[in-house]
Amino acid sequence: MRYFLQRGGWFALTLWAAITLNFLLPRMMPGSPADAAIAKLSQNGPVTEETRRAVEAQLGVPDGSLIQQYVDYLRQILSLDFGVSYAFYPEPVSGLVAQALPYTLVLVGLVTIASFVIGTLLGVLAAWRRGTWMDALPTVGGSFLTTFPYFWTSLLLLFFLGYVAHLFPTFGAFSATTQPGLDWGTVVDAVYHAALPATTMLITSLGGWVLGMRNAMITTLGEDHVTFAEANGIPGRTVALKYAARNAILPNLTGFGMALGGVVGGSILVEQVFGYPGIGFLLFNAVTGQDYPLMQAIFLMITVSVLVANLLVDILYGILDPRTRR
Amino acid sequence: MTGTETTTGPRDTPGGEAPLLSVRDLSVVYEPVGATPTRAVKDVSFDVGRGEFLGLVGESGSGKSTLGFAITALARPPARIEGGRILFGDVDIASMDHEQLRTQRQGGFAMVLQAGMNTLNPVRTIRQHFGDIFAAHRHVAPARREARAAELVRRVSLGPEVLDRYPFELSGGMRQRVTIALALSLEPQLMVFDEPTTALDVLVQHAVMDTIRALQAEEGFTAILISHDLGVVLESAHRVLVMREGRIVEDAPSADILHRPQHEYTRMLLSHFADPRAEHVSLPGIEAPEPAADGPDGPDAPAADGPDGPDAPAADGPDAPAADAAAADAPAADGPGRRRPGAGLELRVEGVTKSFAPPRRRAAGVLAVDDVSFTLAPGGATALVGQSGSGKSTLAKMITGVEKPTAGTIHLGSTSIGPLRGRALRELRRTVQMVFQDPYSALNPLSTVEYTLTRALANLTDLRGPALRRRMLELLETVGLTPVEQYAAKLPHQLSGGQRQRVVIARALAADPQVIIADEPVSMLDVSLRAGVLALLRDLRERTGMSLLYITHDLLSARLITDDILVLHEGRVVEQGPTAQVMRHPRDEYTIRLLEAIPDPARVHGA
Amino acid sequence: SGCSLQIRSRPDPTIGPDTMLVAGDKGTPTFTANFNPFHANKRTAASILYEPLIWINPLDGELVPWLAESWDQPDPQRIVLTLREGVSWHDGTPLTGEDVDYTFRMLQDFPANDVAGAWGRIDTLEVDGRTIAITLKSPDSPALPVIGQTVIVPRHLWEGVADPSTWRNEEPVGSGPFQLGTFTALQYTLDRFPGHWQASSIDIEHLVYPAASEELDLVTKGYDWAYAYMSDVENTWMAANDANRYWFPPGGIIGLHPNHDVAPFDDVDVRRGLALALDGRQVAEVAAEGYMDEASQSGLLLPNQEDLLDPSLPERGIIGQDTQAAIAAFEKAGFTYDGTTMRTPEGEPFTFAITTANGYTDWLRAVQEVQRELGAIGIAVDIDAPQPAAYEANLSSGDYQVAVGSSNGSDAFQGFSNLMSGEYYVPVGETSQNNRIRYRSAEADELITRYRASVDEAEQSEILHALQRLFHTDLPVIALYYGGLWGLYNQARFTGWPTAEDPYAPLQTYGSSPLLVLTRLRRAQKEAS
Amino acid sequence: MSAPETAPRPLPPALAGLRGGLRTIWTHRKARIGLIVLGLFVVLAVLAPWIAPYDPKDNSFGRSLAGSAQHWLGTTAAGEDVLSQLIHGARISLLVGFGAGGISTIISVVIGLCWGYVRGLPGEVINFVVNLFLVIPGLPLMIVVATYLSDGGISVIIAVIAITGWAWGARVLRSQTASLRGRDFVEAARFSGERAPRIIFREILPNMTSLIAGGFFGAATAAILAEAGLEYLGLGDSTIVSWGTMLYWAQNSNALLTGQWALLFAPGLCIALLATSLTLINFGIDGISNPRLREGSTGR
Ligand SMILES: Nc1ncnc2c1ncn2[C@@H]1O[C@H](COP(=O)(O)OP(=O)(O)OP(=O)(O)O)[C@@H](O)[C@H]1O
Ligand SMILES: Nc1ncnc2c1ncn2[C@@H]1O[C@H](COP(=O)(O)OP(=O)(O)OP(=O)(O)O)[C@@H](O)[C@H]1O
Ligand SMILES: [Mg+2]
Ligand SMILES: [Mg+2]
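Residue numbers (the numbering used here), protein chains in the order written: chain A, 1 to 326; chain B, 1001 to 1607; chain C, 2001 to 2529; chain D, 3001 to 3300.
Rather than coming from a laboratory, the hints here were simulated on the basis of the structure.
Please note: incorrect hints may appear among the correct ones.
Partial pick of chain D residues on the chain C-facing surface, computed with a CB cut under 10 Å [to be verified]:
1) T3027
2) K3057
3) A3077
4) A3255
5) Q3260
Chain B is nowhere near these chain D residues, computed Cβ spacing over 10 Å in every case [as the list claims (entries may be wrong)]:
6) I3036
7) L3040
8) A3066
9) F3098
10) G3123
11) L3141
12) I3154
13) I3163
14) R3183
15) A3213
Everything numeric in this text was worked out from a predicted model, so none of it was measured.
Here a beta-carbon is modelled for each residue, glycine too, at the ideal position from N, C-alpha and C.
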């Protein structure tokens, strides 16, 4: 009981601190939401004082003391009402997030899971067939691809497969004429549009999992219980999976938890390059548009999901590792 | 080269049939990437007959495990079999392919690995372990598997309930038994036990060895028992191979080894055996105080006398003569102001209790030390013995101020140790010092001997500059590490275990402490090195008059260097008195069991 | 370049000859349906769904009658507009004076929608039938374009809206030549409004606005009309399609905006020294790849506003580079130059920071060129490039030494007034969007007041000449080069685009420009279809 | 201490360890390639002013020229020599990599070691801070901080990357410290009267050199990629010449459309190569901290 209280206490404290940080960070940025809006307007010509006043009135730019704003903010969070976006005024933040989240969850989420699963399996294989091409290819290849700048890989793929070869669409999550719905055509269209961004993220993130799993696995393979299993004539597959991989995967789960929690943050660079309407793109716009409410909502979402994902991974850890169970 | 000669050519085995295992000119080399190769096994040849119980002894690093792995076809890179043949029955195991090798594990050869604690998969239950083996070989019909597993664990004296446990839920001894049961489930013809009891507690060790002996007698499999403890091996094995630096230096029936050792190394090993219950106990280089000695102070105990019989091997040059050197140099080491015996402070432990919070939720708290009282007189030497977990180290920690007692007081002279914090605690280090159990981990691998000693001196004494360095060299001389300049510049990995332990002792001596607490200072050392370190400790105590609290589970060494003894069992003192008297006439049942558990080859093979 | 991978445009063959593909609305990256014409975040097309009273040419400030067919300024404090007849809303309801009245009342009640600040100038407004009579708060003849650009919304649909300043108007009904067709998150279309008062001159049936993003898209998708600064336009836009054309007229002046409350930039000799030290042509070359000209120090957009130019200005107001004169000017201000370092009167090396906004690449290039050129006469320039929002904040509050900025637009007087009028002056630390350079000049104030009180064109022209001379000699800002209006078009399917020869409107895809352009364009293959 | 010198003293152990470590890395084939590539980049960076054919900011050449004898990789849209920019860009990437990698490593070492060493409330507090930094999303935080500090040039980028990048390393180092803390030599040092800071940094730290070195190269790789990402998004300092800004300008001036291949291709490849070299070196370092990872086969 004490343990749970303690854990819950730290969880709550971290959450509170993250929420507070989310409040402070945007406000630490120089310039106000109105300044950001005016900066955008002024690209079409000089902006007058009158326009500024109208913009400020429109945005309802935060007034009142920081404390007052903070109290309001906490109240908003408790009532799960995140207010109205500045950068996309007068869209409500919840609507914007709700619109973007599914794309990100599906694209980044699936890719993250796929990358973890494939990477881990390749890592197991690499460690098991150590010193052969089945080791060299995923390890060296994976880590080489990992070192590519994300956006650069995206650009190259976009350019060659999208613009030059015309194999894939170059923009967005579905065709311009598609009215997003849940029919087969939309799904195919969406998958077609997600192919390039997904590929980019997959190939740039795979290496990390391969390497992590391979190293953990090699370490586990040297452990006595694996040698003992071999000495008992247990077949290779069983040894590799039930004895070595099963134990080696544990340290990688923490990383997976972080990655999974980070999914809702989307992938700013990839979404930016492919014009993918996910949270990453939204967040980028929020940051450059000094959109406090939107930023706060997204940050909150990210922190909460990282925390929750970690909690889930802890639980999973408990299931996979009997030692932590009691 | 008597040993190697005797092993060439096939040898008649007890049953007179063809040998089960025949090893010919086997060499194994370790070739780690980026390091120099090590030849761990060199041209080894021997045979093992069916049903034989063969012992393999040798000091640490002599290649025992490597040989064990090689003959069970478990050698893995960086190990490589460089030459020779291993014939199992008529088959050369090198000719078997992967699958053949795997299938023959059932009914073939099995190995019980060293450090049995870690040989079970932490995330699988014992039942699943059995299940995996049955599934792999299908030698037990599915319907019978359950019963067979229960039977196997019963054979190693465990209840069927362990089948549903995870390895971490079992004690070390239970895990070792489970490992043996798993190996047994393969119904092997040959079983190699690699130090099956080394990591275990004395009493448990005794019980596990009994189990192995009984099993071998019942099942009739061929056993190879690897151990560095000649006592254990001689108690069980029909025949013993003595290994040294990768070679087999002696191969003879146990009785011959005991009574007519051929190789000087074997003789040396034997010389380190003694029965602590005997009236006179001595090891090469050290002799126990006479039981009649009148009082704990015993400054009149005879100093180490004369040459020490078979000497320690040359590899550890400075170790063996150290006691003598130290004794001879005693006056020189005695600087100005050195205390004389009896001048120090008395350590009084009164009703000390220590309980720990439960390690996990819902578990019960641990009462590690329970109402312990004793007094360590200035210049006295007291042994604290007891099996693992009996609270010895916890008591030591409280005396050194690392842990605070839950109840009771500890006084050093007039200072109460319990309430000391921060600065005052650092002050305490000038009077109470500690010698650690494991010399391999007690020294920072990256610091030179000079640095280690210098830091202690700089922190704990007022010496600075050249005086400090002089004192540092003096300390090295005190512990017998000469030439001192040369040793000062060494890093721990350039020293042998015994030499390292001397450095650890030198560091403890830096502040001229009045009390030294030595927590199992020799348990990690090879027998050949133990006596030297023990002699040094005793000698230092006599020369400097400091008092010694000697913590051990090894009764022989307690007998050798202490005057008084406390026997600890589950945190309580069960017996207390002059060492020799307690050993010779134990009253408490627990003390008796401890004494019984000491391997005694003579018991089996007759004195 | 010898590149085999020249990207060519691939127009969508399903787009008919009566349909125009416009890269006019970016989408970030998807569209949200917001057609409230008063919102900063409205969909671009909202500006052609609704119409203003007066259409103002962003090139030279020329006023074109739109919903108001005529107007009159009987005295500097009064404006009388006459509403056009026969205008109707997309739902068929006629557009009347009541709508105009409603619109202005609504702007008064919801100042957040009053983007141009009409009610900052209007005292009273009376609508009587088609006549809209406005009394201004003070003699203020330049208020006409400010009030005239107000777009009119239908009273019968807006009246019931609780808060028109937060209403998104997702199903817009306006009076413009096009009405909303389909809308998806990635694309929306507009259809020709047959009931428009100019319907006869509209030859285009549909407009398609995809959520385009990158230049690559612009080039490859086969747009008919786009607005974007396209680096190396000849090798990109032009090379992608034989019928692609571009026209980049000036739309503002990019210059150095010294903070007049910060020494030594309060010294006109220092400002002149800076102006003389810089080679505007080179800056334009570097910043805008030579597509734009060096700006005239008259404060006018040339050649757009050629007819307003004071003929007495030498070189049409252009101050060329003259290093010797620059050094002389600095020396006059008490500076010393020893051939390597320019020193302030206090003997310190003269260094200052130029603030520009991060991400405005042409400005950054310009500053880098300025840095180089000033470096040549021993002046060390630091570049300060905060994010755009911070840049705006710094400029408004006067927290800068010298900034790059854009000023002077199509309305010449408004340009001078916003920049130089003392009435907008606030000290450093307080914020103002006008006169951020904190310029104070009695002469300027007097000229501006006189202009406001005048409805006489000749007098106004004379005052404008005086303002140009003041701008030229007192250098409130140092003009560098013209900011362009980056029009890209394709003449294969539609003709009649504005060009340098026929500059009737700029090619902006935003604002009211398209209202005029779309009425002038003709289908090229009418017969074929 | 003025000890009389008797014999030539051996190298101080830390240095000897370093030399041994380098030797181990060198024997590792992949790591050797990494070291060579990194060395090349370092040489390129150091000698940039002499090797580069032109000043990287000299824009007096034709705009968007294709590769030629004068300009091997052509020129940018502003008329700068691409090759010269590429060579000079190595300086920034290395500076950011080693600077930000170094700083974040130092932070993670200090925090991770203290965290692993102390117990009780201070440990919980550090745990809390580190968790916070782990939980706050990295790139967005970086963007916010970068916009906040946007006018400080490359040093700000280094600071931003370092501030946002240390937490994971601290966590790894903590567990290692906690396990080393249980070793007798740490307890022994306490018995020698050493104080906590000295124990942490003199006794424990040197035993984690390879782990720290590994962490450093990992952090440097991440920093190089992060810098490129920030610059590419236009949130960095676009006045400097780095591979990231080259990509930013390339994108800005439609390098793909104008066929300025090299402009987009070369900087990305350089980033990838540099990052790869660091990753390869880490293969070798992994081998030091975990000998099982040294090259070899499992014999399966
Ligand atoms: N994986 C390895 N790589 C390199 N050398 C090794 C390896 N394992 C063992 N050695 C070396 O081989 C020699 C023999 O080791 P082995 O483990 O067989 O000794 P042992 O007699 O079993 O010792 P102990 O009693 O300590 O278990 C030693 O010198 C050891 O250092
Ligand atoms: N820090 C601690 N927290 C909880 N329990 C502890 C702690 N330290 C020791 N114990 C428990 O106290 C008991 C006594 O441990 P202690 O280490 O004193 O035994 P020991 O006699 O030194 O054993 P060994 O011979 O194995 O060193 C054990 O049951 C142990 O599990
Ligand atoms: Mg061994
Ligand atoms: Mg102990």
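Against the structure, the hints come out as follows:
1. T3027: violated (44 Å)
2. K3057: It holds, given that the least Cβ distance between K3057/D and chain C is near 7 Å, below 10 Å.
3. A3077: holds (5 Å)
4. A3255: holds (9 Å)
5. Q3260: holds (7 Å)
6. I3036: holds (17 Å)
7. L3040: holds (23 Å)
8. A3066: holds (48 Å)
9. F3098: holds (25 Å)
10. G3123: holds (17 Å)
11. L3141: holds (36 Å)
12. I3154: I3154/D is indeed farther than 10 Å from all Cβ atoms of chain B, at 36 Å.
13. I3163: At about 31 Å from chain B, I3163/D clears the 10 Å cut-off, so the statement holds.
14. R3183: Given that some Cβ of chain B is not farther than 10 Å from that of R3183/D, nearest at about 5 Å, it is violated.
15. A3213: holds (14 Å)
The structure fails hints 1, 14 (numbered hints given earlier, in ascending order).
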